[in-house]
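Novice: Between the sequences and the hints, there should be enough to build the whole structure, so can you do that?
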Amino acid sequence: MDFERLYRDHADTVFGYLAFKLQDRQIAEDLVQETFLAAYHGLEQLEGVQSPKAWLLAIAHNKLVDFLRRSRNQDLPLHPESLEAASSSAPSKLHMQEILEQLAEPERTIVYGLYVEGLTCRELGEILGLPEGTVKSKAHYARRRLYQWLQEGSAV
Amino acid sequence: MSSEEYKELAWGLVYGTLSAEERELALHLVSQDPEFLEALKMELELKQRLAHLKRAMPEEAKERVYAAITGSRSQVLVTAVLKTVLETTLPRMLWPVLQILERSVFAGEQQ
Chain U
1 MDFERLYRDH
11 ADTVFGYLAF
21 KLQDRQIAED
31 LVQETFLAAY
41 HGLEQLEGVQ
51 SPKAWLLAIA
61 HNKLVDFLRR
71 SRNQDLPLHP
81 ESLEAASSSA
91 PSKLHMQEIL
101 EQLAEPERTI
111 VYGLYVEGLT
121 CRELGEILGL
131 PEGTVKSKAH
141 YARRRLYQWL
151 QEGSAV
Chain B
1 MSSEEYKELA
11 WGLVYGTLSA
21 EERELALHLV
31 SQDPEFLEAL
41 KMELELKQRL
51 AHLKRAMPEE
61 AKERVYAAIT
71 GSRSQVLVTA
81 VLKTVLETTL
91 PRMLWPVLQI
101 LERSVFAGEQ
111 Q
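Heads up: the sequence lines are chains U and B, in that order. Position 17, counted from 1, in the first sequence is what the working numbering calls 17; the numbers after and before it change by one each time, with no gaps. Position 80, counted from 1, in the second sequence is what the working numbering calls 80; the numbers after and before it change by one each time, with no gaps.
Keep in mind that a hint or two might mislead.
Said to hold, decoys possible - Under the rule of at most 20 Å between Cα atoms (straight-line distance), these lysine to any residue pairs were calculated in the SDA-like manner:
| # | chain 1 | residue 1 | chain 2 | residue 2 |
| --- | --- | --- | --- | --- |
| 1 | B | K62 | U | L64 |
| 2 | B | K54 | U | H95 |
| 3 | B | K41 | U | K63 |
| 4 | B | K54 | U | P52 |
| 5 | U | K136 | B | S19 |
| 6 | U | K63 | B | M1 |
| 7 | B | K41 | U | Y141 |
| 8 | B | K47 | B | G16 |
| 9 | B | K54 | U | R108 |
| 10 | U | K136 | B | V14 |
| 11 | B | K54 | U | T109 |
| 12 | B | K47 | U | R144 |
| 13 | B | K62 | U | D12 |
| 14 | U | K53 | B | M1 |
| 15 | B | K62 | U | F3 |
| 16 | B | K54 | U | Q23 |
| 17 | B | K47 | U | H140 |
| 18 | B | K47 | U | E98 |
| 19 | B | K47 | U | E152 |
| 20 | B | K54 | U | L128 |
| 21 | U | K63 | B | K62 |
| 22 | B | K54 | U | F3 |
| 23 | U | K136 | B | M1 |
| 24 | B | K41 | U | L150 |
| 25 | B | K54 | U | S71 |
| 26 | B | K47 | U | Q151 |
In case anyone wonders, no lab produced these hints; they're calculated from the structure. Just so it is clear, the structure is predicted and the values come from calculations on it, not from any experiment.
Specialist: What follows is the structure, encoded as structure tokens:
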């Protein structure tokens, strides 16, 4: 796969993941650039990769961890408001967001990966650096809570 | 089959990750097992409710980032080509001078 196609096919996915995690559009864009630069330099690794999407998200996740470590050290502020314009304020969407916020990490990210990106537990394990079994058990727990909330009608 | 396995299978059916055998089993369960059907409904509802979390990168940002990456790629290429040309054309005695220049440029970049 050439670099241009890789970028065109997956830029939205990488941006979406970073924006979800950071709630900051500007920093998400910066990290998309860092992610794809690293991908370009490691493009030869892609030949042995089953899922380019998971491979890119793993790079993006590492960039995110680096960024958060740097920002903690340098006390860099995030700007959560910069995504407000992009997100809808429809009540059902807000409730779903609130419900997700009740999940701890990495369950919240696992739910995002499973339901928004359609990633398997194995792919999520590669991205988050966790064993597949751990992702599965966390997915079971998160799923149980989501089902419970849906059944109670709290996500209306 | 446990209820967790039902949910996983239903998720796989919704997202198209099942093998041919698993898919056959899932389709069989849809018509035979109310518990699986319930899990399938829940998985579809979750997919629909969480879909709004997916955010696309603004087109202008996408183009800007791509240009920045490919720009830096060109820079790397130009540097590599120039280095090869210089290596083959410069007299051997000028190499130490070039290396000193390279080091000072590198040191400047690090600051």
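Novice: Next, verify each hint and record whether it holds.
Specialist: Status of each hint after checking the structure:
At roughly 19 Å between alpha-carbon atoms, K62/B and L64/U fall within 20 Å of each other, so this suggested pair holds. At most 20 Å may separate the alpha-carbon atoms for a hinted pair to count; K54/B and H95/U meet this at roughly 16 Å. With a CA separation close to 36 Å, the supplied pair K41/B and K63/U exceeds the 20 Å bound. Note on K54/B and P52/U: the hinted pairing holds, with a Cα-Cα distance of about 18 Å set against a maximum of 20 Å.
Between K136/U and S19/B the CA atoms are separated by roughly 18 Å; this keeps the pair inside 20 Å, and the hint holds. At roughly 40 Å between alpha-carbon atoms, K63/U and M1/B are farther apart than 20 Å, so this suggested pair is violated. For the suggested pair K41/B and Y141/U, the alpha carbons sit about 18 Å apart, so the restraint of at most 20 Å is met. With a CA separation close to 13 Å, the supplied pair K47/B and G16/B stays within the 20 Å bound.
Taken as a hint, the K54/B and R108/U pair is honoured in the structure, with Cα atoms around 14 Å apart against an allowance of 20 Å. Distance hint between K136/U and V14/B is fulfilled; the C-alpha atoms sit about 17 Å from each other, no more than 20 Å. A distance of roughly 13 Å separates the Cα atoms of K54/B and T109/U; the hinted pair therefore holds under the 20 Å criterion. Of the supplied pair hints, the one linking K47/B and R144/U holds, its CA atoms being roughly 15 Å apart against a limit of 20 Å.
About 8 Å separates the Cα atoms of K62/B and D12/U, which keeps this hinted pair within 20 Å; it holds. Using a Cα cut-off of 20 Å, the hinted pair K53/U and M1/B is violated, with the two alpha carbons roughly 31 Å apart. For the hint pairing K62/B with F3/U, the CA-to-CA distance comes to about 14 Å; that is within 20 Å, so the pair holds. The hinted pair formed by K54/B and Q23/U meets the criterion: a straight-line CA distance of about 12 Å does not exceed 20 Å.
Using a Cα cut-off of 20 Å, the hinted pair K47/B and H140/U holds, with the two alpha carbons roughly 16 Å apart. Of the supplied pair hints, the one linking K47/B and E98/U holds, its CA atoms being roughly 16 Å apart against a limit of 20 Å. Distance restraint check for K47/B and E152/U: the Cα-Cα separation of roughly 18 Å lies within the 20 Å cut-off, and the hinted pair is therefore satisfied. Taking the CA atoms of K54/B and L128/U, the gap is near 19 Å; set against the 20 Å cutoff, the hint holds.
Of the supplied pair hints, the one linking K63/U and K62/B holds, its CA atoms being roughly 18 Å apart against a limit of 20 Å. Note on K54/B and F3/U: the hinted pairing is violated, with a Cα-Cα distance of about 23 Å set against a maximum of 20 Å. The straight-line distance between the Cα atoms of K136/U and M1/B is roughly 16 Å, inside the 20 Å bound, and the hint therefore holds. Between K41/B and L150/U, the direct Cα distance comes to roughly 11 Å. Compliance with the 20 Å bound is thereby established for this hinted pair.
Between K54/B and S71/U, the direct Cα distance comes to roughly 25 Å. Violation of the 20 Å bound is thereby established for this hinted pair. This hinted pair checks out: K47/B and Q151/U have alpha carbons roughly 15 Å apart, not beyond 20 Å.
Going down the numbered hints, you'll see the structure goes against 3, 6, 14, 22, 25, while the others check out.
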